[in-house]
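Trainee: Chain residues, written in single-letter form:
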Amino acid sequence: MAFAAFASTDAVVTKPARRASTVALVMLLPGILYMLLFFLTPLISLVITSFQAELPGGDIGDYVPGLQWQNYVDSASEYLPHILRAFGYALVATVFALVISYPIAYFIGVKARRWPLLQSLMLTLVIAPFFISFLLRTLAWKQILSDESPVVLALKAVAILPADGHLTGTPFAVIFGLTYNFIPFMTLPLYTTLERLDIRFLEAGNDLYASPATTFLKVTVPLSMPGIISGTLLTFIPAAGDYINASRDFLGSSKTAMLGNAIEANFLTLQNYPVAAALSIILMAVILILVGVYVRRSGTEDLL
Amino acid sequence: MAAMGTFAEAGADLEFIDISKRFPGFTAIENLNLTIPAGSFFALLGPSGCGKTTTLRLVAGLEEPSAGRILIGGTDVTQTKSFQRPVNTVFQSYALFPHMTVLENVAFGLRRRKIDDPLGKAHEALRLVELDHVAARRPAQLSGGQQQRVALARAIVNRPALLLLDEPLGALDLKLRRQMQLELKSIQTEIGLTFLHVTHDQEEAMTMADIVAVMNKGEIEQMGAPEQLYELPRTAFVANFLGQSNLFTGPVTGSTADAITVDISGRGIVVPRTRAQRHAGEVTIGVRPEKLLLHIEAPTADAGINVLGPGRVTDVSFSGVSTSYIVQIPGLGAVTVFAQNMVFGPVVNEGAEVWVSWTVDHGFGLEDEPAPGSRFPSDSSTNAIAVQRRADLETELEGA
Chain R
3 MAFAAFASTD
13 AVVTKPARRA
23 STVALVMLLP
33 GILYMLLFFL
43 TPLISLVITS
53 FQAELPGGDI
63 GDYVPGLQWQ
73 NYVDSASEYL
83 PHILRAFGYA
93 LVATVFALVI
103 SYPIAYFIGV
113 KARRWPLLQS
123 LMLTLVIAPF
133 FISFLLRTLA
143 WKQILSDESP
153 VVLALKAVAI
163 LPADGHLTGT
173 PFAVIFGLTY
183 NFIPFMTLPL
193 YTTLERLDIR
203 FLEAGNDLYA
213 SPATTFLKVT
223 VPLSMPGIIS
233 GTLLTFIPAA
243 GDYINASRDF
253 LGSSKTAMLG
263 NAIEANFLTL
273 QNYPVAAALS
283 IILMAVILIL
293 VGVYVRRSGT
303 EDLL
Chain U
370 MAAMGTFAEA
380 GADLEFIDIS
390 KRFPGFTAIE
400 NLNLTIPAGS
410 FFALLGPSGC
420 GKTTTLRLVA
430 GLEEPSAGRI
440 LIGGTDVTQT
450 KSFQRPVNTV
460 FQSYALFPHM
470 TVLENVAFGL
480 RRRKIDDPLG
490 KAHEALRLVE
500 LDHVAARRPA
510 QLSGGQQQRV
520 ALARAIVNRP
530 ALLLLDEPLG
540 ALDLKLRRQM
550 QLELKSIQTE
560 IGLTFLHVTH
570 DQEEAMTMAD
580 IVAVMNKGEI
590 EQMGAPEQLY
600 ELPRTAFVAN
610 FLGQSNLFTG
620 PVTGSTADAI
630 TVDISGRGIV
640 VPRTRAQRHA
650 GEVTIGVRPE
660 KLLLHIEAPT
670 ADAGINVLGP
680 GRVTDVSFSG
690 VSTSYIVQIP
700 GLGAVTVFAQ
710 NMVFGPVVNE
720 GAEVWVSWTV
730 DHGFGLEDEP
740 APGSRFPSDS
750 STNAIAVQRR
760 ADLETELEGA
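Chains as they are written, first to last, in our numbering: chain R, 3 to 306; chain U, 370 to 769.
Do not take every clue at face value.
Each computed DSSO-like pair below joins lysine-lysine, with the alpha-carbon atoms no more than 30 Å apart [to be verified]: (1) R:K220 <-> U:K660; (2) U:K450 <-> R:K220; (3) U:K586 <-> U:K554; (4) R:K113 <-> U:K450; (5) U:K490 <-> U:K450; (6) U:K586 <-> U:K450; (7) U:K586 <-> R:K220; (8) U:K554 <-> U:K544; (9) U:K490 <-> U:K586.
For the record, the hints were derived by calculation from the structure and aren't laboratory data.
Excised from the complex, chain R in its bound form (with noise of 0.2 Å):
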């Protein structure tokens, strides 16, 4: 608005920048497309979905445009324990995830800094994972944490597990399938925040009469902050949403089904879209709300 003021005077200032802009929208315009194509219609093909009435008479399966909000009281409590599930358990893999990844992420960012060789090497080993597909490397889980692996056996013997326990089919085994699964996420932004982190703080806190323990505590953890806040959130949002670990087929069991296995459930095998779509958008709305008051508690704005 203030600009208009000027219009008059400025014409010439303005054409460039005009320009400048068309050229900006001409090369966001395939990003624009592409988010309308793949991300927008889903969206709202999901919204329509998950307030489609049944057919009547119809076959499993079909179901007409509607607006059914009982859709949404239904699936969430029906499916009320899976949502629980999905959010503790992803809860306790980023907790889980990023007491084990910082220690790591520390030692390559901080104290690796002079030997950069040792920093790749140690980079690249925590990327390995990757070459190896998620579902293989989730079954690989399967088979070491079987009833008949030495890992069962052995612990059954030193009687950490009772003669009749099981480690597959339980919520700690789903658990730490999401936690092994999603550590390089969680390593990842920790390590990028703390190779910046400039020693003199940590100086500094130290000759502040704080001790290294406080110095951590006051210094190095407010400081890392936003690798803290990306790696749980790169962490916790597809963990919410995953639906492989604790599937049947893989660590999961029936009594650890999670909300995307219930989403996967209702899509594949019941074909009942609406419900499966409502869950879908759910999960999506608690996520954005959770993430939401997280960023907003942690006043990382400070930091960037």
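Starting from the known structure of chain R, arrange chain U on it as the hints suggest.
Mentor: Okay, now just chain U, sitting in the frame of chain R:
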């Protein structure tokens, strides 16, 4: 060491006993013995890479000495961890915590030591540096000079027995720098703490410090009051690092009870015996450029005056207060003369034939073994060192 809940009563003295610090590949400090008296403003002056910052880090406990002991107020702190030493540092980079407000930065040390009313004391310290009005801001929102003052407040609020200053004024512009120098000095006088100030700026060291130690290659070349160091430098390094000097080398040809005569390319130059470190053989003598007078005619011989010349003016540069002349004297090389810009006195142009003279009392004789050649090459001037350091750094970067 840093007793919880209490402040240091007064500054403590600092003692280095046979301190050495070796890093893989080079020795930063060799056998340093040094005592810094309590309550003094002590400046450690030297070019980059001379070991002065390492010395400071040893005191702060951020580095461990390879050998020797460090005593603060008579207590051995060599094995004491950094956070337990009664020492605070104003870092060259300030190292203000970016995630805290200015006030929290200043209160940080107080909170760690569980001192009563940390925020009140932090406000007080900020008032001392005249920055209480920005207490709620983040360090990134302050200017360089303000950040520097916050760093200072953050250190002095703890009333350390010893305050370490690591080139804290390096990033400031000249005017702010002068102002901060005066402020630092007045704060030191006011609170009576021991200040150990590391700098490569000779002017800063001389204006602020009670005692200046000139450091070179991990050793202290000379130590004393600024005037004493300037008037009577003992080595060529000190003579050229602390201000500028004209140095000449020649054999001692005559000596009386209170003076020696040195033959400088055929002319007898007289230096008082008390101002010369060596009294026989080849010696290097010097005189400060501002002590020299320019003459456009050969001055009449006088027992109290040394004369060199004739020479030719090869460069005249005007710097406001004074004009600097470079005079090429055959057989001697370049002699620098600073002349006050007053209405009287000769004003000469390039190419003029001139003589230079100085009062015998202004000359000094150095302790160094004279270097080969009639005159010391000026490779120890700050400028030459800076150029050398840059060249070294470039080769290092290329090698990396």
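Trainee: The structure should be examined with respect to each hint, and the outcome stated for every one.
Mentor: Here's how the hints hold up against the structure:
| no. | hint | result |
| --- | --- | --- |
| 1 | R:K220 <-> U:K660 | 56 Å, violated |
| 2 | U:K450 <-> R:K220 | 18 Å, holds |
| 3 | U:K586 <-> U:K554 | 28 Å, holds |
| 4 | R:K113 <-> U:K450 | 19 Å, holds |
| 5 | U:K490 <-> U:K450 | 25 Å, holds |
| 6 | U:K586 <-> U:K450 | 27 Å, holds |
| 7 | U:K586 <-> R:K220 | 38 Å, violated |
| 8 | U:K554 <-> U:K544 | 16 Å, holds |
| 9 | U:K490 <-> U:K586 | 41 Å, violated |
Violated hints, in rising order: 1, 7 and 9; the structure is consistent with all others.
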